[in-house]
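Join the two chains, each given in its own frame, into one complex according to the hints.
Keeping their order, the protein sequence lines are chains A and B. All the letters of the first sequence, read from the start, carry residue numbers 29 to 145 under this note's numbering. All the letters of the second sequence, read from the start, carry residue numbers 34 to 142 under this note's numbering.
It should be emphasised that the hints constitute simulated quantities derived from the structure, not laboratory data. Since the structure is predicted, the reported quantities are computational estimates derived from the model, not experimental observations. It is possible that some hints are incorrect.
[Stated by the list, open to error] Now the stretches of chain A that chain B is said to cover, found in silico as 3 or more residues with beta-carbon under 8 Å:
#, region
1, 62-76
2, 133-140
[Said to hold, decoys possible] When the alpha-carbon atoms are kept at most 25 Å apart in a straight line, the in silico PhoX-like pairs for lysine-lysine are as follows:
#, chain 1, residue 1, chain 2, residue 2
3, A, K64, B, K38
4, A, K69, B, K38
5, A, K66, B, K38
Glycine included, every Cβ here is placed at the ideal spot set by N, Cα and C.
Listed below are the residues making up each chain.
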Amino acid sequence: DTEVTQTPKHLVMGMTNKKSLKCEQHMGHRAMYWYKQKAKKPPELMFVYSYEKLSINESVPSRFSPECPNSSLLNLHLHALQPEDSALYLCASSQPLAGWSGANVLTFGAGSRLTVL
Amino acid sequence: DQQVKQNSPSLSVQEGRISILNCDYTNSMFDYFLWYKKYPAEGPTFLISISSIKDKNEDGRFTVFLNKSAKHLSLHIVPSQPGDSAVYFCAASGNQFYFGTGTSLTVIP
Chain A
29 DTEVTQTPKH
39 LVMGMTNKKS
49 LKCEQHMGHR
59 AMYWYKQKAK
69 KPPELMFVYS
79 YEKLSINESV
89 PSRFSPECPN
99 SSLLNLHLHA
109 LQPEDSALYL
119 CASSQPLAGW
129 SGANVLTFGA
139 GSRLTVL
Chain B
34 DQQVKQNSPS
44 LSVQEGRISI
54 LNCDYTNSMF
64 DYFLWYKKYP
74 AEGPTFLISI
84 SSIKDKNEDG
94 RFTVFLNKSA
104 KHLSLHIVPS
114 QPGDSAVYFC
124 AASGNQFYFG
134 TGTSLTVIP
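Chain B on its own, in the form it takes in the complex (with noise of 0.2 Å):
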């Protein structure tokens, strides 16, 4: 039973344009999201969070937008860099951390 999904396993995006990756979830006691970002035989790094009670967290680059009512999230990455090449892991908070599927960003040069 996945309670956080990633329907996008890959996403391509030119360097210098805007990044979006979309994450999903079912459990409405969700309350807490975070947005790791994963290089090949690393572990996950964190990137930034958002707490239910918000609709938009910012940091630097990037923006995590929170939508409750249709249990979605987004991680906007503007502007995209190369370096910024990995894989992105959606998380929720209830009583474990539930993580979605992952979307592999390739940005191009």
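Here chain A stands alone, though its shape is the one from the complex (with noise of 0.2 Å):
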């Protein structure tokens, strides 16, 4: 399995929601990464699990909370979101990049299109 799975696909909002995403890889990986993507714009680092721990936090406002329940889920809880918090959501994994000697690809999900109304 190659994959990183991402549900759901399209997810419409208001905001005064509260709304999950989810992702799911089962390639061993022991980091995982949500992403912020916006129409021709590079991805946007949100947050980074590494051995389900949180390594990293770009400081993303509070109303996205992660939660990485086990090696294989992430989760991005949204709450109280603005209209400009529409974006497509990626997931992505790899193998952690402290100590790690080989060659390392950042392994996307096919995203999740959020729109906030």
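In structure tokens form, the structure reads like this:
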């Protein structure tokens, strides 16, 4: 299995809603990532989990709350979002960068397209 | 602070010709470089990579060249096909993955 699976593919929510994005991988990767991407812009790093512990939080607003229940799953909980949060949210996985001496490819999921009304 | 840059936002190439996409980086500690291709509304897909101990890596129609002294890498696509039309991102591996701003390639039939 060489895939990162994200659900849902599309999500429309109001500014008062609570929703979650889910991500799953079975490649044995021990680092998992959330990125936000707007059209024709590079992926913007939000969070990194390494060995199920949050290792990087790129000053993301608290209305985004990540969770890593185990080494295969990653969630992003959404609450009180703003219309400017509408974007493609990408989950990715790799081996942890620290101490990894081999080739290390970041594998992306297909993304969850979020629209905040 | 953009550590990886792609200075050409767009590129148009005739089908069958060579496409050359360029990428520059500033951090000499980067040791692994990757190219991704992205279609609209999809996640980026990995294309090809190169380790800093090499200066060239080839995979079918795709070749990546690395010039460490110039801190420059390039992706060559030969021959270019209409299905190659997409946004291409280069990335460098350090304490995280750093992405360039992307080049939108259009291959004209």
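How the hints compare with the structure:
no.: 1; hint: 62-76; in the structure: holds (count 7)
no.: 2; hint: 133-140; in the structure: holds (count 7)
no.: 3; hint: K64/A to K38/B; in the structure: 19 Å, holds
no.: 4; hint: K69/A to K38/B; in the structure: 12 Å, holds
no.: 5; hint: K66/A to K38/B; in the structure: 17 Å, holds
Of the hints listed earlier, there is not a single one the structure fails to meet.
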